[in-house]
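Chemist: Can you make the complete structure from the sequences, with help from the hints?
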Amino acid sequence: MTRPSFGAMARQQPQLTAGLVIVFLVVAFGPVGSVFVDTDLSRVGSAAANTSPSAEHPLGTDAAGRDLLAVMIAGTPLTLRIGFIAGAVGLGIGTLLGFIAGYFGGWIDTLIRGAADVLMTIPGLLFLVVLATSLQATVTVNMMALVVASLAWMIPTRTIRSQVLSMREAGYVQVARLSGLGDLEIIARELLPNLLPYLAASFVSAVGAAVLASIGLEALGLGPQNEPTLGMTIYWALYYTSLLRGIWWWWAPPIIMIVLIFVGLFLVSMGLDRIANPRMWKTP
Amino acid sequence: MSRADGRIALRVEDLRVHYHTERGPVRAVEGVSFELYAGERLGLVGESGSGKTTTAMALMRLIRAPGRIESGQVQLGDLELLSLSDEQMRQARFARISLIPQGVMNSLNPVMRVGAQITDTIQAHQEGLTREQLQERVHELLGFVELDPSTSRMYPHELSGGMKQRVGMAISVALKPQVIIADEPTSALDVVVQKRVMDTLFRVQRDLDAAVILVGHDMGLMAQCVDRLGVMYAGRLVEIGPIQQLLEQPQHPYTRLLVSSLPSLERKGVFRGIPGITPSLLDPPPGCPFHPRCPEAIDGCATRVPELLTVVAGLDGNDARHRQQAACHLHTGVDV
Amino acid sequence: MPANYLVRRFAVFLIIVWAGATINFFMPRLAPVNPIRERLLQAVSFGGAGKTDMEAVVATYEAKFGLDQPLWKQYLRYIGDVARLDFGVSIANFPSRASDIILRALPWTLGLLTIATLIAFAIGTLLGALLAWPKSPALLHYLSAPLLALSAIPYYLLGLVLVFALGFTLRVFPLGGGFALGTLPKPSLSFAIDVVYHSIVPALSIVLSSVGFWALSMRGMMVTVQGEDYVNYAEARGLKSRDVFIRYAVRNALLPQTTSLALAMGYVVSGAVLVEVVFAYPGVGTVLFRAIQTFDYFVIYGVVVMVILAIALATLILDIVYPLLDPRIAYKR
Chain A
1 MTRPSFGAMA RQQPQLTAGL VIVFLVVAFG PVGSVFVDTD LSRVGSAAAN
51 TSPSAEHPLG TDAAGRDLLA VMIAGTPLTL RIGFIAGAVG LGIGTLLGFI
101 AGYFGGWIDT LIRGAADVLM TIPGLLFLVV LATSLQATVT VNMMALVVAS
151 LAWMIPTRTI RSQVLSMREA GYVQVARLSG LGDLEIIARE LLPNLLPYLA
201 ASFVSAVGAA VLASIGLEAL GLGPQNEPTL GMTIYWALYY TSLLRGIWWW
251 WAPPIIMIVL IFVGLFLVSM GLDRIANPRM WKTP
Chain B
1001 MSRADGRIAL RVEDLRVHYH TERGPVRAVE GVSFELYAGE RLGLVGESGS
1051 GKTTTAMALM RLIRAPGRIE SGQVQLGDLE LLSLSDEQMR QARFARISLI
1101 PQGVMNSLNP VMRVGAQITD TIQAHQEGLT REQLQERVHE LLGFVELDPS
1151 TSRMYPHELS GGMKQRVGMA ISVALKPQVI IADEPTSALD VVVQKRVMDT
1201 LFRVQRDLDA AVILVGHDMG LMAQCVDRLG VMYAGRLVEI GPIQQLLEQP
1251 QHPYTRLLVS SLPSLERKGV FRGIPGITPS LLDPPPGCPF HPRCPEAIDG
1301 CATRVPELLT VVAGLDGNDA RHRQQAACHL HTGVDV
Chain C
2001 MPANYLVRRF AVFLIIVWAG ATINFFMPRL APVNPIRERL LQAVSFGGAG
2051 KTDMEAVVAT YEAKFGLDQP LWKQYLRYIG DVARLDFGVS IANFPSRASD
2101 IILRALPWTL GLLTIATLIA FAIGTLLGAL LAWPKSPALL HYLSAPLLAL
2151 SAIPYYLLGL VLVFALGFTL RVFPLGGGFA LGTLPKPSLS FAIDVVYHSI
2201 VPALSIVLSS VGFWALSMRG MMVTVQGEDY VNYAEARGLK SRDVFIRYAV
2251 RNALLPQTTS LALAMGYVVS GAVLVEVVFA YPGVGTVLFR AIQTFDYFVI
2301 YGVVVMVILA IALATLILDI VYPLLDPRIA YKR
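Residue numbers (this note's numbering), protein chains in the order written: chain A, 1 to 284; chain B, 1001 to 1336; chain C, 2001 to 2333.
Everything hinted at is true.
Heads up, incomplete: computed chain A residues facing chain C, CB under 8 angstroms, no partners named:
#1 M120
#2 P123
#3 S134
#4 I258
Hint data in this document are derived by calculation from the structure and do not stem from the laboratory. Quick caveat, the model's predicted, so the values are computed rather than measured. Ideal Cβ positions, reconstructed from N, Cα and C, are used throughout, including at glycine.
Modeler: Spelled out as structure tokens, the structure:
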């Protein structure tokens, strides 16, 4: 069977393709944008305050005199960084825990599963609020990522755990055992390849959860104060009552960017789900 | 051949069911034809994948995409089932021809009481019955299958396997159909319960003078229960005939192997399985589907598909019930 | 329903609340310098009218939670306080008690949240079920894409957009607040109407944002259920397709859908809190926001515990209601 072309594959998986394209565009926005726009303009006082969009400042300026286009270009990669780092760390922890829980079972399983369930019931944002206010140190972007990661591990844990559980009893694992493969070999050769779609899906959901959490925290004012991340931009917009003053160009671009991120991630996860569960997508 | 005196309950002619997959059509049922007489019990036996369940489903027109009934005729009394509209078929289901599915265990709605599911069936076909009438009918049906009337208030998970099977039986006769298809009604039950359940089925059948098609893979059970037996292999009917005759003098090599694998009090010794594996229905072997495994294959078996021909004519030429037919090149068939 | 089921569910409830309270206790103590103590000392040093009273608070705090006390003693005291809903005093709004501030705001949040969530759940589930029915009007299917897009937006951001569009630009709805500025809450019809008027846009943002999620989820459940044997058997028995759809498919799909409502509680609450901030709605979210800005620790922790309590309670209620829907559950040991 000849390998289908990219175009054919793309057409077969419209959601996945669309999602990846959107995510790619968002990721590229920062680096590409900084070539055209001077990111120094994102610093306080670099331009007249509260001007509406014009040729000189395509997205206008905010109350502190920052060019908003520059702010967006500087800030989007920061938010993405938080999301991806937190997502990756969360996935890493989650996979490890999920694996241990599923593979070894017993009280370890109960403990891990219990912790995940309880923490999932507690609204993550509040937990993060407590964490952030208690730490009191100046929060940097990387610290935000780690803080948020503490919440992103639960869903990957559950997903990976249930997959490992079902795979543990599956035929091919028994066969591998019988043919003398050691535990580690079984993990590497049999289990991991089958886990890949779930790992990918978990990563996407972890990143989504991380971005959501970080924006939430920042909107409350608990983020890195001096960095123009998307959530902080919204926070400052609210702080300076931009709503009442009609300065829509301040909060609209971050929102649009956030929406793009989420829609992109969502499409990617839908696409991945379609690959993993083709039956669910047959329209009735 | 002249029509019998209207006592043919069901006539199936050249039924074909294919599943259209990405890799091509899977020929699940390829040209199956048989008659079913009122009041008789016809067994349909075969390995997994032989097409017996698909045939049963096709008779009820329950084949779903990607499966499709490609061709054939199913004559049930005055109705030709395959040409009915969806609504007409809906009305015919369980009213003229009913089904006791494989695994009634999982076929009952877990959140509805058993009695409600029986009344559902009745009300879908008969309007205007009062609650009391329905209630009475439910108790009557439960009584037929030897279940206590209190069962109607229970939920499925409160019943044992045998009880659920009986509920399935009760539902299948609720509207007094002419034909009842029982798909492996006892495969999930233990032997003692099996016998009781089968006894109940046949008592109910006699009361209704209905015909039963018993689908399964347990030759032993078939031997005890049915009047005639049809043997299916790779989507085709390879042999059909009165049970006693079939067991004593099987005409098709596959049937011979099946029968010889049955233990009995007289024959002791080593039992053979049937070597080889079932053929792919996507890409079946040319000619007779059994020839790769057949110990008696001859030239021509690999090239021409054998037709179902009468091998042993019955006493009464017009009555198919005494005829034994086989689809095998070893036999040239006799005229009826 | 058997007693031990209720007991188990209640035990889970207690564990969740306890876990939340415990995390609250240990968090500030993980930092190198106890932030609560720092904040209290700060309040004292600003002086002013309440100086002596603040010093009293600091003294009480030291007595209860001071570093000279063994940790386990502090912890037990803390748990005892939490059990009595005594969260201490608000540092920023001294001398108001934290629990008073929170409890005054709680009904607003509960009202907005419960109603909006129930509406979203009902509409979403209905929509999801219809989307899974082959005979539903094609128009509905065109809705699913925009709904999905909407569900990808966090509640509060949608709220921001809506407030701008409906409040600022179109001036149809108020820009925020729970009721018109300058009026006092009083039990009268006009006040009630005012409250409802002010809650429409916040509720709308919650509903629009979550409907997509519930619809997708229900659609997924329906697809799974429609493949089940009992649905096939129902069709085999010649039941009308509408009856099969409602009594066999939807009825069963509702079960996991309700479960996911329970699981989504945490997320729903988080979003609602932020919605309140955007709309300056006088609920628990705004209280939390102000407390964060003034580092009013006791109020922050109080809010967290109260919210966890509310969620655990809601989950408990759902756990009790669930066996009524699914007859199999009450019988599981």
